[in-house]
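Trainee: Okay, here's what each chain looks like letter by letter:
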Amino acid sequence: MSNPEAEPAAASSSSAALQDGPFIEDLRRQMIKFATLQLGNPHWAEDAVQEALAGAYKNAGAFRGHAALKTWVFAILKNKIADVLRQRERTVEVSALLREDESADEIAALFDERGFWRAAERPVGWRDPEQAVHDRQFWRVFETCLEALPPQWARVFMMRELIELTADEICDALGITAGNLHVTLHRARLRLRRCLERNWFAEEGKRPC
Amino acid sequence: MLSCNDATRLLSESQEQRLSFRERMRLTAHLMMCSGCKNFGKHLHVVREAARAYAAGEDERADRELS
Ligand SMILES: [Zn+2]
Chain A
1 MSNPEAEPAA
11 ASSSSAALQD
21 GPFIEDLRRQ
31 MIKFATLQLG
41 NPHWAEDAVQ
51 EALAGAYKNA
61 GAFRGHAALK
71 TWVFAILKNK
81 IADVLRQRER
91 TVEVSALLRE
101 DESADEIAAL
111 FDERGFWRAA
121 ERPVGWRDPE
131 QAVHDRQFWR
141 VFETCLEALP
151 PQWARVFMMR
161 ELIELTADEI
171 CDALGITAGN
181 LHVTLHRARL
191 RLRRCLERNW
201 FAEEGKRPC
Chain B
1 MLSCNDATRL
11 LSESQEQRLS
21 FRERMRLTAH
31 LMMCSGCKNF
41 GKHLHVVREA
51 ARAYAAGEDE
61 RADRELS
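As they're listed, the protein sequences go chains A and B.
Residue 96 in the working numbering sits at position 96 of the first sequence, with consecutive numbering throughout.
Residue 17 in the working numbering sits at position 17 of the second sequence, with consecutive numbering throughout.
Simulated from the structure, these hints should not be mistaken for laboratory data.
Beta carbons: idealized from backbone N, C-alpha and C, even for Gly.
Simulated crosslink set (EDC-like; lysine to aspartate or glutamate; CA at most 20 angstroms straight-line):
| no. | chain 1 | residue 1 | chain 2 | residue 2 |
| --- | --- | --- | --- | --- |
| 1 | B | 42 | A | 128 |
| 2 | B | 42 | B | 23 |
| 3 | B | 42 | A | 130 |
| 4 | B | 42 | A | 121 |
| 5 | A | 58 | A | 46 |
| 6 | B | 42 | A | 197 |
| 7 | B | 38 | B | 23 |
| 8 | B | 38 | A | 112 |
| 9 | B | 38 | A | 121 |
| 10 | B | 38 | A | 130 |
| 11 | A | 58 | A | 20 |
| 12 | B | 42 | B | 16 |
| 13 | B | 38 | A | 128 |
| 14 | A | 58 | A | 25 |
| 15 | B | 38 | A | 197 |
Chain B regions said to be covered by chain A (calculated; three or more residues, Cβ under 8 angstroms):
| no. | region |
| --- | --- |
| 16 | 3 to 9 |
| 17 | 13 to 22 |
| 18 | 32 to 41 |
| 19 | 51 to 65 |
Hey, can you work out the whole structure from these sequences and the hints?
Mentor: Written out as structure tokens, the structure reads:
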């Protein structure tokens with residue numbers, strides 16, 4: 001796991017990462033997005049991110065280089081988020097598990113008994129996907145679709161696609177198996193893709209495929 | 001033939017790790033016959049690009065351009 005290139009200058013490279021303003025700024029932005037979507041509350045998200053970053057400054061020797069700092073900070077942030085969620089009503093947890101069950105059923109319903117797409121669910125060609133990023137309405141849809149994922153699916157998906165952690169890093173941080181990770185990402189992608197298609201990419205002029 | 005459920009699972013996994021030779025062969029054969037899964041594969045890339053753009057603050061830029 002250790003990165004040989006970063007080995008010699010341990011102390012200086014860790015503080016260098018923390019003093020890299022643009023890097024910290026990007027990291028902060030990613031963390032806020034991640035935490036806000038997880039917690040559904042921007043103030044709690046701000047607090048959790050603040051604490052995680054403070055922890056990083058306090059333990060500057062615990063990691064080496066930019067990538068390690070990012071992994072480290074997100075592991076802390078994930079714990080902070082878990083703490084906040086745990087302090088809330090237990091009903092939240094129950095409803096989250098229920099949502100995960102329902103969502104798994106919905107995923108199963110995309111395919112017929114033999115595992116082939118049901119006609120109404122077969123993915124169609126998307127209009128102008130590269131234009132979407134410039135459209136603020138698209139980003140509202142994107143956020144809504146992310147929020148509609150069961151929390152654990154959203155967490156894994158975001159760690160992978162927003163934060164760009166590796167599969168191994170995510171398994172370590174969440175204590176899940178590689179098999180579990182693949183199943184979760186597969187489901188999250190099926191569901192997110194469907195949501196984006198229904199609400200954006202195939203909205204008008206549905207093409208026969 | 002691979003089912004669409006399995007084909008989409010392999011397409012998803014290929015974003016995390018390299019598939020085995022056998023998996024790649026079966027997937028390629030499936031994709032030649034199935035427009036749905038072929039589209040699914042393209043969409044995974046769009047979703048990945050969008051997620052990265054979002055993390056980089058592209059949504060805030062889109063907001064500023066219009067407001
Ligand atoms: Zn298929």
